[in-house]
Structures are given as C-alpha cells and as structure tokens.
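Below, each chain spelled out in residue letters.
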Amino acid sequence: MMSEADIVQTVARVRGGEADAWGVLYQELAPSVFRLCRRALPTRQDAEDATAEIFMKARLRLTQYDSERPFRPWLYRLAANHCWDELRRRRRQRETGDLDALIAESPEPGPLTQLLAEQDRRDVRSALARLSDRDRLAVVMRYYAELSYEEIAEVLGVTSSLVGVLLLRARRRLRGMLDKEGRA
Amino acid sequence: MNHIDELTYLRHLDGQLSESRSVEVANHASACTACGRLLQALERETALLREALGEADELPERFENASQELSWAWLSVAGLAVFGWYALWQWVLEPWWNGLQSVGIGRQTLVSVLLFRGLLWEGWTTMADKVFQGLSVILITTVLAATIHWSARLRRTWTRMIIIMAAVLLLPFNARAAVIETDHQSYVLAEGQVIANDLIVMAKTVRIEGTIEGDLIALAQSVTVNGHVAGDVLVAAQRLDVNGRVDGSVRAAGEFHDLNGSIGRNVTVFGEMVQLHAGAEVEGSFTSASESSNLAGRVGRDVIIFAETAELDGAVGGGARLFGERLVIGPHAAIQGEIRIHGAEEPEVSPEANLTTPPEIEPFEEPPTHGTAGTYLWRFLAWSAAFVYGMMVFLLAPRFFGSVLQSMPRYGIAIGIGAAALVTIPVLAVIVCLTLVGLPLGLLGLGVYAVAIYSAQVFVGAWMGQRLLGQPTSKGQTIGRLAVGLALIHLVRLIPLVGSVVSLVVSLWGLGALLLGIFRPRRLEALPVG
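Chains as they are written, first to last, in my numbering: chain A, 1 to 184; chain B, 1 to 530.
Keep in mind that the hints are not guaranteed to be accurate.
Said to hold, decoys possible - Take a look, some chain A residues computed to stay more than 10 angstroms from chain B by CB distance: (1) Leu78; (2) Leu128; (3) Glu154; (4) Val158.
Said to hold, decoys possible - Some but not every residue of chain B turned toward chain A, in silico, with C-beta under 7 angstroms: (5) Leu10; (6) Arg50; (7) Val451; (8) Val492; (9) Pro496.
What the hints assert, rightly or not - With beta-carbon atoms standing in for the labels, derived distance ranges: (10) Arg37(B) - Lys180(A): 17 to 27 angstroms; (11) Met2(A) - Ile413(B): 34 to 44 angstroms; (12) Met2(A) - Arg50(B): 51 to 61 angstroms; (13) Ala31(B) - Thr63(A): 48 to 58 angstroms; (14) Arg37(B) - Glu4(A): 54 to 64 angstroms; (15) Ala196(B) - Leu60(A): 25 to 35 angstroms; (16) Ile431(B) - Leu60(A): 33 to 43 angstroms.
Hints listed in this document are in silico derivations from the structure and should not be mistaken for laboratory results.
For glycine and all other residues, C-beta sits at the position ideal for the given N, C-alpha and C.
All chains should be built: construct the whole structure from the sequences, respecting the hints.
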C-alpha cells in the first residue's frame with residue numbers, strides 16, 4: 001500500500017505526463033473507491049460503474065487538485081459527490097422524517113454495540129443498504145472516507161450542523177434494524 | 001444531574017465541538033455514569049461501524065492484480081473439453097481432412113487454411129495482400145488512436161484483440177506484382193496480348209483471349225477464358241466459361257460454370273449449374289457443390305460432387321464420390337477407382353458404363369437429431385467446443401466478457417437488437433461485397449457475424465451459470481459457471497422443437513447483448529488512460 005506522500009508524488013507524475021502513473025494510481029486507489037461506492041450505491045454493478053466514472057472525472061479534474069493537501073480525501077469527496085448525484089438522479093428514496101425531533105430525544109445507550117459484536121458485519125452493511133440514500137452516504141463519508149462534517153455538508157448540500165443530525169438518525173435506524181433482526 | 005444529549009456526544013467524538021465545549025462534555029461524561037456509558041457505547045459503535053464499512057469485500061477482477069488459481073474442478077472440466085476437442089478431431093475432422101486430401105485438396109496445412117492461404121483461397125494472395133496491407137494500416141492506426149484516446153478498459157480488451165488481428169493479417173504478407181484493372185465495363189485481353197504477372201480484374205464482362213502468365217482473379221458478371229492462363233483462375237461471377245487452357249487450378253463461385261477447355265490441375269466450383277463438357281480435360285481432381293453437375297469430360301484424378309442432380313458420363317482417373325438426390329452414371333463413364341454413391345434415390349447406373357469396381361451404394365438416411373448415442377456425443381462435442389471457445393474469450397478479454405454479461409439482464413432490448421442484427425448484418429455485408437474493395441471487407445464482416453452468433457451461447461451460458469450459482473469471485477468460478485450454463489443450454493437443445501426455439505432465443509439474446517456490450521456508453525468504461 002502506498003503512503004499518502006507516494007500517492008501525491010504519483011499524482012505529480014501524472015500531471016507531468018507520465019503514461020503509466022495514472023494506472024499505478026488507479027490500481028492503488030480503485031479498490032477503496034469501489035468500496036465507498038459499494039457502501040453508498042444499491043448494487044455492486046452500480047459501484048463498479050461509478051468507480052470507473054469517478055476515475056474518469058478525477059482524471060479530468062486533476063488540475064483542480066491542490067497538491068499541498070492529501071489526495072485520497074480529495075478523491076473520496078469526488079466519489080461521494082458522484083454517488084450523491086447518482087442517488088439523487090435516481091430518486092429512489094425521498095427523505096422524510098422530522099430531524100429536529102431527534103435532538104430532543106433523551107440519551108440512551110443503543111444496542112448497536114452489542115449487536116455489532118454479535119452479528120455478522122455483513123448484516124450491518126445489509127442494514128446500511130436499507131437506510132435512506134442521504135443517511136447512508138453520510139455514514140459512508142464519515143466512517144469510511146473519514147470526511148469532515150464540512151466536507152460531508154458540501155457534498156450533500158446541507159449545513160454542517162445538520163450532518164451530525166443525519167449521522168445520529170442513521171445510527172439510530174441502524175440500531176433499530178439490527179435490534180429487530182437480532183430478536184427475530 | 002442534567003444529561004448531555006447523544007448528538008452532542010457524537011459531535012464530540014467526531015471532533016466537531018470547540019475545544020472548551022469538548023472538555024466540558026468529557027468532564028460531564030466522567031462524572032455522570034449514564035452519560036459515561038453512552039459515550040463509551042458511542043465510541044465502540046463508531047469503531048465497529050468503521051470496521052464493518054472498511055472490511056474488505058469481494059473486489060471486481062479489474063481491481064485485482066493477482067491472478068487466482070483455477071480450482072481442480074474447473075481444470076477437470078477443461079480437461080474434459082480438451083478430450084472433446086481431441087475426439088472431434090480424431091473421429092470427425094481428420095477423416096474429412098484425409099478424404100479431402102485423397103481427392104487432391106489439402107496440400108496446405110489446416111493453419112494456413114485458417115489464414116486464408118490455402119484450399120479455396122489459394123491464389124487470392126495477390127489481391128488479399130493488398131487488402132491486408134490496407135486493413136493492417138487501418139488497424140495499426142486504430143491501435144495507436146485507441147492507446148492515446150480510449151479508456152484503459154478498451155485498451156486492455158479491444159486493443160488486445162485488434163493487435164492479435166493485425167498480427168494475423170500481417171502474417172500472410174507476400175507481396176507480388178499484379179496488374180489491377182477496375183475501370184472497365186467490359187475488359188478484354190485481346191489475342192496475342194500477354195500479361196507477365198497476375199491479373200486482377202473487376203468488370204461487367206471479362207474476356208481473356210490472350211495470355212496471362214500469372215493468376216487470373218476476376219469479379220464480374222461473366223468471365224470467359226478463351227486464351228491461356230499459366231497460373232490459377234479464381235472467379236466470382238454469375239457465369240464462367242473456360243474454353244482455353246488453364247495450367248493451374250480453377251476455383252470459382254457463381255451460377256453457371258461451363259468448362260470446355262483444359263485445366264492443368266484441380267477444379268473446385270460452387271454454383272447452380274456446373275458442366276464439364278465432353279472434350280474438356282481436368283488433369284487433377286474435380287470438386288463441385290451445385291444444384292446440378294454434369295461431367296462428360298475427362299478428369300485425371302478423383303471426383304467429388306455434392307449436387308441435387310449429378311450426372312457422371314466421362315472418364316475419371318481416380319475414384320468418385322457422389323452425394324445428391326438423383327445420381328446418374330452414364331454410358332460413357334469410365335471410372336478407374338472405387339465409386340461411392342450416397343443419395344436419396346436409387347442411383348441410375350448405365351450397364352454400358354465402364355467401372356472397374358461395382359459402385360458402393362450408401363442409401364441416404366435422415367440423420368437422427370435426437371435420442372441416439374451419436375446425438376449425445378455430438379452434443380458433448382458441441383458443448384466442449386463452445387466451452388473452450390468461451391473460456392478463451394473470457395481469459396483473453398475478461399472486461400469485454402464482463403461488459404457483455406452486464407448487458408444480459410436487458411433481455412428485451414438485447415433480443416430486439418439481436419433480431420435486428422441477425423437480419424441486417426448479412427444484408428449489409430452482401431452489399432459491401434458488391435464492390436471489389438468491399439469484397440474482403442464484406443467477407444470479413446460475414447465471418448465476424450458468424451463468430452458473433454456462435455459467441456451468443458457463451459454469454460447466455462455464462463450469465464445463466466451466474467444466476468444459478470451466484471456471482472463468481474474468481475476466474476475459476478467464472479469459468480465454472482460458464483461450463484454449467486453452457487451445459488444447460490446444450491441439454492435443452494436435445495429436446496425436439498423446444499431445443500430449436502431455445503437455440504434461436506439464445507442466439508438473439510446473446511447477439512444483442514454482445515452488441516450492447518460493445519457499444520456500451522464510453523462514460524461507463526472510464527478507466528485510467530496512459
């Protein structure tokens with residue numbers, strides 16, 4: 001696995017016109033971008049297609065990348081943007097629910113911890129797939145791509161304070177689904 | 001004690017609170033048992049979420065570098081398939097090949113035949129070289145353009161295939177000088193005129209009264225050879241008349257073939273009517289496939305005729321094999337070798353015919369299509385051939401293979417496109433064939449068309465296998481699913497009527513998906529370009 005410095009150096013080689021450098025970068029980063037897409041999009045095929053499209057976009061927008069900053073988060077943000085655009089385009093799910101009500105709820109330790117320990121992680125990913133598009137993408141961006149609230153907000157077109165609400169709602173829904181499955 | 005809400009703890013863990021607020025929250029969690037449990041639970045939850053999200057899952061093969069070993073099971077399947085091919089060669093192809101050699105065809109190797117250098121195509125090399133050179137230039141240019149502009153996905157599949165094709169096309173380069181005549185309504189090589197090289201001519205009518213010291217290659221409505229051709233005569237014409245002398249072989253396709261002159265080597269003709277008139281001479285063998293064939297002239301070696309109606313009434317230096325509905329051996333026939341007659345009706349053999357051995361008559365039987373051991377053997381051979389072919393396609397062009405499989409679920413569109421392509425492609429190819437430049441291109445198109453139809457079963461089979469056994473995670477599994485899917489298709493084909501319908505649907509579906517896979521929008525194929 002390449003270090004972030006190696007990646008940035010490889011990006012510089014791409015910009016310098018080295019023919020093979022983009023291939024190296026692709027081999028290194030495509031798996032993680034694919035996983036991000038796989039978590040965010042409904043099907044494996046969608047994720048494969050999205051990964052290919054994201055790399056095409058990345059290649060075209062490489063001039064916009066600030067080489068003083070790490071490349072991976074830049075790519076992840078691009079990927080998340082792409083996934084969000086794709087999800088919105090499909091309009092598979094519409095956001096519903098009263099977000100404000102969540103904040104007022106009393107704090108209780110959820111069962112997710114225990115459930116996660118007990119259940120197969122595949123169930124978690126399966127539950128994740130049943131979240132609304134926006135909730136799911138928020139979780140993926142935060143806990144897979146490690147993007148900041150500001151970056152997530154920028155992708156989703158919301159305020160950064162709402163990102164926390166989205167994450168909390170998503171986690172509670174995950175708990176609910178896993179709890180229900182655990183009891184079933 | 002007032003508790004802090006869960007959202008605040010979440011923001012605290014995610015580093016979204018100000019430093020002072022964060023310290024305040026942490027202090028509260030230390031002091032409050034309930035809030036402390038909540039914070040710890042959230043921390044563990046976050047860690048586990050990260051773990052679940054980051055856990056490696058099956059990656060598409062395109063993202064993996066390491067090739068995976070084929071499992072023993074699929075190697076066994078491959079072994080069976082190889083055995084199938086061996087059996088096909090041993091029991092079917094080789095006897096045929098030997099048979100062809102026995103009638104004077106087959107001096108070239110099978111490989112050279114596949115490269116269009118032997119058998120029926122012998123002598124086409126002069127013209128083919130020109131075309132191949134042009135095609136190769138186009139292909140090489142395409143390769144360069146693809147390398148620069150296309151995505152890596154295409155680079156790794158189509159470009160690879162194009163390079164192979166270019167290499168194959170470049171192999172037969174053997175440029176020879178030739179006279180090329182294409183600007184004539186009616187071309188005549190007058191008596192006394194001599195062409196020292198090959199003559200390639202396209203015209204409405206072609207008449208050779210003079211001498212050609214090389215080959216005559218003609219595409220015309222009618223071709224008449226009254227003069228002398230020292231090489232071979234290769235003709236695609238509605239009508240061919242050979243009244244003069246040809247030192248080499250005559251190979252022709254058209255409607256009517258009248259052979260009156262003398263031919264130094266072999267004759268191979270395909271047409272509606274073939275006549276070797278009395279007085280005409282063929283020193284080598286004579287092979288024809290036509291609606292009717294009438295041989296009254298002399299043939300030096302063996303004769304093999306496929307015809308609805310065939311009449312053999314001349315001298316034959318070798319043996320004769322006649323296949324047809326109505327077969328007649330006339331009173332002037334004088335056949336030196338053994339005679340094998342394979343017809344639907346009882347053949348007519350004149351008592352005055354001079355035969356050294358009595359004809360061996362094999363009554364024509366409708367080949368059983370279902371329910372016999374031979375049928376199952378054939379089906380097995382067909383399955384093994386399709387499997388080996390499919391495996392080659394997959395291993396040579398895995399992304400292209402995957403791209404076509406992705407189009408399979410769009411079966412409605414695929415079948416529609418397949419149905420349209422099934423009709424339009426051959427029509428277009430025939431139209432392209434109508435020009436001299438387009439002839440090889442059209443033939444190439446027809447060849448590709450045939451390959452595409454054959455390939456259809458491979459993609460349908462692979463897709464069915466994946467539906468039955470689940471998504472493959474390795475090359476071995478993909479090949480295994482291909483084997484299973486193809487086996488299913490070939491089993492269903494054994495069922496009368498249903499098998500035919502299934503074959504048609506498979507062809508349409510697979511062909512359509514193949515086209516969808518090829519013309520998939522580029523934006524979906526974006527991979528790194530060099």
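Taking the earlier hints as the rules, which of them does this structure contradict? 2, 7, 8, 9, 12, 14 and 15
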